[in-house]
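Going down the list, the sequences are from chains A and B.
For what it's worth, the numbering used here labels the leading residue of the first sequence as 1, then goes sequentially.
For what it's worth, the numbering used here labels the leading residue of the second sequence as 1001, then goes sequentially.
None of these hints come from the bench; they were simulated from the model.
We put the CB at the ideal spot given by N, CA and C, even for glycine.
Hints are not guaranteed to be accurate.
[Stated by the list, open to error] Take a look, some chain B residues computed to stay more than 12 Å from chain A by CB distance:
1. R1087
2. L1135
3. L1138
[As the list claims (entries may be wrong)] Mimicking SDA-like on lysine to any residue, the simulated pairs with C-alpha atoms at most 25 Å apart in a straight line are:
4. K1247(B) <-> P18(A)
5. K1236(B) <-> E322(A)
6. K236(A) <-> F251(A)
7. K1236(B) <-> L296(A)
8. K1247(B) <-> Q1264(B)
9. K247(A) <-> E1291(B)
10. K1247(B) <-> W163(A)
11. K1247(B) <-> G294(A)
Protein chains: 2
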Amino acid sequence: MATAAILTANDVLTLAKPLELDSGQRLDGVRIAYETYGTLSAARDNAVLVCHATTGDQHLASRHPITGKPGWWDRMVGPGKPIDTDRFFVICPNVLGGCMGSTGPASLAPDGAAYAMRFPVITIRDMVRAEVALLEALGISTLHAVVGGSMGGMQALSLAANWPHIPERVLAIAATATMPAQNIAFQEVGRQAVMADPAWQGGDYYGSASTPDAGLAVARMTAHITYLSEASLTQKFGRRLQDRASKSFGFDADFQVESYLRHQGLSFTTRFDANSYLYITRAMSYFDLAEEHGGLLADAFRATKARFCLISFDTDWLYPTELSRRMVHALNAVGAPVSFVEISAPFGHDSFLLDVPALDRVVTGFLGR
Amino acid sequence: MATAAILTANDVLTLAKPLELDSGQRLDGVRIAYETYGTLSAARDNAVLVCHATTGDQHLASRHPITGKPGWWDRMVGPGKPIDTDRFFVICPNVLGGCMGSTGPASLAPDGAAYAMRFPVITIRDMVRAEVALLEALGISTLHAVVGGSMGGMQALSLAANWPHIPERVLAIAATATMPAQNIAFQEVGRQAVMADPAWQGGDYYGSASTPDAGLAVARMTAHITYLSEASLTQKFGRRLQDRASKSFGFDADFQVESYLRHQGLSFTTRFDANSYLYITRAMSYFDLAEEHGGLLADAFRATKARFCLISFDTDWLYPTELSRRMVHALNAVGAPVSFVEISAPFGHDSFLLDVPALDRVVTGFLGR
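Just chain A, same shape as in the assembly (with noise of 0.2 Å):
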């Protein structure tokens, strides 16, 4: 078992090269941090990249060092579990821009100082070059599959499209290949409110005392809500009062869902970098695979020899049924195989996080028994 003693369960590469990046920038001295799940076999194809969402990170299925609950989808990834680390030798990185140990905007610069808003702007692409010079560095040259929920679907998509000879399988659910017009608003949204911060301080607030945790905050509260289904709000909250009788007439989180949204905002500036958040959510009102390859969205997916898996939700109104539809539409047009389902669940965008039994079917028909 030489490969399990280099792939250890979490760990930190250094990119050896510098990362040339769509920018025209490059990035020296790269650090991408990761976890691994199961064991590589001896062939080296039982590899199984899964990418995170806006911001996840690579506590895929271990406990979260900061806040302690367990991995994002502890649920889906295990042993047994649809993606079955008996099985399959599972990756997760942080991604480039990230704030859990690979490089991003709170890292040291060459001079010393953090980045900050001196951190090249990248793109999904990016993020996917240095995953797969990881993959590159952990000897594996073929994916059984690449795997990933919202931007992490993004991420798979344009791993087929730019590097067509590494993944076997993509997965890919609650995506777009094109971020929409009303996405990208909600984007802009969040970030204008971390930089109406004053405690922003154009980004350079590493070190000082006061950080933008307020604008970043409700950034998250932003984001969050369009994360979930009205009718899921509506089940869950409805108009209950929180912890009263009646409404106190004043500017208290009288509702539960007000008292939720709080929680959820400022809960997240304990583990999430706030520049961060800005260059991850640039990177995908970036993201249009049409617009990379020329315009034709189905020209992004002529090399590949991928079989592919689509999947959305039906409450799901920030990445639609319609545009996994384009998608299918594109891969038709290039005659590789796609399956696309969209399942019914009520938890809007966050269905693919979600106890949603059907999704576990799918994926793990998906990557074969």
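Following the hints, complete the assembly by docking chain B onto the known chain A.
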């Protein structure tokens, strides 16, 4: 024309009696700024009260004194228009809590300083109380109709429920009788954006050099997205870039939709008071006609003699058709005459303000030729 002499086009009424509020508090010396159009008939039977939405004002069909733009419903109100000022005496007050002349948090309290957050939390019914007092002062005991979109529609419904002898016709567009959880959530985010701005200063920013414009702009940007449909954002902006040939790889407003939103946020702060935004959205969150009437919505309408017309728009995801349907059921349950139409229009919630000929026809028809 004795009536015309006392009814100028633009006036402010100071209520002779204190206003008793739902909170149990009372407000003395309440001022209601309002505009009127047309002439009150000798029989005083042709008055139409138009109630404005969250950030609207009394400048219904007159040039706005700050923005210089036409009134917010200029296309709907005027000679020969659906709300025909040749036939109707149209009254549009600025709501209690507003910032265009009616008493609100920016007004001076009896101690000579601005109320700021000492202003009592108000409800939609309190707004309507002030409007009823205005009608009394104008010598109007019955309305040919009360009309409103969004929060204006809620005021119309509140009038019908609580002062059932006043309106003969109730026209509520893109409204609800009970604020749903998702809307409460978006309203809370807007307030948090304002209150997170250090320039808000606990609301005591009047006369200060810094005002919470940044926070209010973020609140407005978020709200603005919810007023539009995904399709209209795509059609209007898509992923088109703003005055540039390619992405800047920076945090400028690269996309037209980003530039548009920033402009919307910024320009809003020139005409709206941040504390008013807090109080008005609080009133909206609290709105629940069913709760006000013992828990059953139908009971809110038991005493009404009015005819109702409810209108929703198929692309309005903020106040979807389902909310209007619930009102139809409640009105049916008490045998109230109600017509309901879901209009197909591309502009989302804002459709009630925009060029929708089908809306004009329904309004014209309901008000009667």
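Comparing the hints with the structure gives:
no.	hint	result
1	R1087	40 Å, holds
2	L1135	26 Å, holds
3	L1138	30 Å, holds
4	K1247(B) <-> P18(A)	23 Å, holds
5	K1236(B) <-> E322(A)	19 Å, holds
6	K236(A) <-> F251(A)	22 Å, holds
7	K1236(B) <-> L296(A)	21 Å, holds
8	K1247(B) <-> Q1264(B)	22 Å, holds
9	K247(A) <-> E1291(B)	12 Å, holds
10	K1247(B) <-> W163(A)	23 Å, holds
11	K1247(B) <-> G294(A)	15 Å, holds
In the structure shown, no violation is registered for any of the earlier numbered hints.
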